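Enquirer: Residue numbers (this note's numbering), protein chains in the order written: chain A, 116 to 666; chain B, 1462 to 1773.
Because the hints were derived from the structure by calculation, they are not lab data.
Treat the hints with care, as some may be off.
Said to hold, decoys possible - As a list, the in silico SDA-like pairs of lysine to any residue whose alpha-carbon atoms are at most 20 Å apart:
| # | chain 1 | residue 1 | chain 2 | residue 2 |
| --- | --- | --- | --- | --- |
| 1 | B | Lys-1591 | A | Gly-429 |
| 2 | A | Lys-519 | B | Lys-1526 |
| 3 | B | Lys-1591 | A | Pro-514 |
| 4 | B | Lys-1597 | A | Arg-504 |
| 5 | B | Lys-1591 | A | Ala-414 |
| 6 | B | Lys-1591 | A | Ser-317 |
| 7 | B | Lys-1526 | B | Lys-1590 |
| 8 | B | Lys-1597 | A | Ser-319 |
| 9 | B | Lys-1597 | B | Ala-1623 |
| 10 | B | Lys-1590 | A | Lys-519 |
| 11 | B | Lys-1590 | A | Pro-514 |
| 12 | B | Lys-1597 | A | Glu-398 |
| 13 | B | Lys-1591 | A | Lys-519 |
| 14 | B | Lys-1591 | A | Ser-319 |
| 15 | A | Lys-427 | A | Arg-499 |
| 16 | B | Lys-1590 | A | Phe-604 |
| 17 | B | Lys-1734 | B | Arg-1715 |
| 18 | B | Lys-1597 | A | Lys-519 |
| 19 | B | Lys-1571 | A | Ala-414 |
| 20 | B | Lys-1591 | A | Val-402 |
| 21 | B | Lys-1591 | A | Pro-413 |
| 22 | B | Lys-1590 | A | Arg-499 |
| 23 | B | Lys-1597 | A | Gly-500 |
| 24 | B | Lys-1526 | A | Pro-514 |
| 25 | B | Lys-1590 | A | Ala-320 |
Being a predicted model, the structure only gives us computed values, none of them experimental.
So you can see what is in the structure, the chains are spelled out below.
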Amino acid sequence: MSALAAQSGPAPARASGPATFTGTLGLLRFMLRRDRFRSTVWVAGIGLLGFYFAHAIQVIAEDEAELAQLATLFTDPVGRLMTGPAFGMEAPTFERFFSAGYVLFIYLLIALMSMFTVVRHTRAEEQSGRAELLRSNVVGRHATLSATLSLVVLLNLAAGLLVFGGALTAGYAAEGSALVAAAGAGSGLFFAGTAAISAQLSASARACSAMAGAALAAAYVIRMGGDMAAQGGSVLSWFSPLGWAQQTAPYVEDRWWILALLFGTAAVQLWIGYWLSTRRDLEASLVPTRLGRQYARPALGSPLGLAVRTLKGGLRGWGIGLVLAGLVFGAYAQTLLDAGENLPEEIRQIFTGESMVLGYLAHRGVFLAIFVAAAGVGGLTQLRGEERRGRAELLLSAPVSRTKWLGTHLVVILGGAALLLLLVGLGMGLGAAAVLEADAGRYFVYCVAASVLQLPAVLAVLGIVTALFGWWPRAAGPVGWTLIGYCAFMITFGQLLDLPEVFHQVNIFGHLAQYPVEDVTWAPILALSALGLIGLLSGIWGWNRREINRV
Amino acid sequence: MSQRNAVIEAHEVHKSFGPVRALDDLTLEILPGEVHGFLGPNGSGKSTAMRVLLGVLRPDSGTVKVFGLDPWRDAVALHQRLAYVPGDVELWPNLTGGEVIDMFLRLRGKYDRARRDELIERFDLDPRKKTRTYSKGNRQKVALISALAAHTDLLLLDEPTAGLDPLMEAVFQDVIHQAKSEGRTVLLSSHILAQVEALSDRISIIRAGHIVESGSLSDLRHMTRTTFEIESGRPAGHLASLRFVHDYRTVGGRSVFEVDGEHIHDVMAEIVKLGVHGMVAHPPTLEQLLMRHYGQQPSREVAQDTPEQAAP
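For reference, chain A alone in the conformation it holds in the complex (with noise of 0.2 Å):
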């Protein structure tokens, strides 16, 4: 705060012209302590990331001969749809398919990060009351989003310079990867801008991210669209701001030109921003806070009619992203068909089993069911979040037993676990009948199976957890969180990877059969399900022994 203080300038009449940006500089310095570990983590994160990228496909083809034979993986219909158009892809090098396979995933990473950074520091302040605390000092009324602005270039452009230099170190070219990089960071800028105007909407800084993120979403959604249709990208691709940055076309035709329409837009939305801040009061929102009803509906009368209410946001929330993963991961079996045989030894270690397709299946169920079990555990956390806050000992304060309590939301959880595997193995299985040429029915089948067999595994999952929270309630959330991340990286490393027995042994979603590729055994169900049931029957035990939120 004494950053602050020294930026006091003198006191103007009318709050207009430059000291509407007063203790701009102040509050930079402020956000940068403030925000010194998260930060650093997002661009190191995305730094790290871009140099795997860079590397990681010269480890799983040898020479650009191979690369030759894996170019379909981009080149195909599907393989745009996830990934882009696919430029150059005729004539495949390392660094052309960094760009057409994977820079997305960097660019959507800058563009959540900044996002997230700019409602942080604008409409979450707001909500919180502090920035009514830091506009009482000397700070003028533009101050706050002109800092949080300059904090996101600043983090825009230390990530862009660690992607930049990530792809140097593999040996890419400097003129590509200044593009890349460049990109990157003008998404980036694009959708801090969409956040500035979002963050004036609402009062609630979740909504303000989510209709940030709704943006991104629709420009990957339309993107998708665009690209599908045609190898270099449709009209429809220049409707998305994400298919401008990958029309720059890194590496093959180098198109700076388009960055403007990029930067452009980013500018025009800021000022949108700065405008529609003037139009309203600290704390208030330009779209009115709708009202609820005055009566509650009679399924809200019970325990479980809480319990839904409570969870259901959040299970829906991974619900709608996994089965469109589902969809996408089942629309690439025929692909993966056709590529078949000409995939490098590196991912056919991953994708056991004689039939390539039904190897991929029943990984990407695994790896599906892995996020599912993820949704309980968010449920799990979001329990003991209720009762951090106070509202379980409020709600145990009417007539309603402990036994009742957890056992409903369990009931939620565990039925919204079941339903999700089986509406991920739908889209899987929709998305493969979908593309597949000779047998869509069978292929069906097995996908909905395949999803739906998984249920053990996150039925143990959940009961681990469930037991924590009844014991030792302060481990349920970092002890689960460890126990999906630990899994996800054995199902994708794993099998690359020696490592002694007892690894595999603790990766709850390595003991089940592979189905489709291996036939179904019941041993490790039992096992899974009784250890899932012993830990739920004793979390409800705990939990009804145990004292409620001791301080």
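Given chain A's structure and the hints, the job is docking chain B onto it.
Expert: Same frame as chain A, now just chain B:
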């Protein structure tokens, strides 16, 4: 005061959180139909005591009975008969105030919608707003209305008006009077003295987890000193030397001092001789009662208390 029909009986209750003694030999008795003020500064153990009575915390030793039931073991049966308003109310952000109230009332069984609507009107709450947009005072109103609209025999109110404005506090006092006339028992914790003074039949003062004083307001006053302020023709300085006169001082030409309750007659006899122009005598305020218990004795280890707000 028969032990038999007390609504709340806590006897020699101890509760520690690690090295911190939150409740230290707490003994409390509350009779049916009384409004009992539970007075103490922040961190004195009020909320901990409430949460033990509610059965979410388990005492380390001692016995607790509410309606003759053990709150830890018989929580559900007990909660049929009580309603609770926590000190720091957090609500479900995606529900409206009206939905939260309805949910609580339905969990308790049958309820009277007219009474619910009347309370919402009296507390001037907009039940259609999502609770995430409510201020602390409005969240408190939601919890209060949920508790008051239900037909329970006991209300446990932990600093229920900390976020309410003076107008709403008047409404609150009204509805508590109404609850009392319906024969409901109320345990009302507070550090707002005027509120407890206006509402309570009896008061217990808690300090460092221990009830240091319990009784009706006049019981407590009997044990304390009356404050005199006099303006006199002749100097009154010699009063300071009397055994039962304390804290003698001169404020703006007036002599101010405190007198032990049982010696008021003796002081009056002295004052009469001084040629008094003006005199004010007033009973001890609860501030003074509190000062006596918190201001003078060296404090024991300060107990950590769960969600309590700083003094307004």
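Enquirer: Against which earlier hints does the structure fall short, listed by number upward?
Expert: 2, 3, 7, 10, 11, 13, 16, 18 and 22
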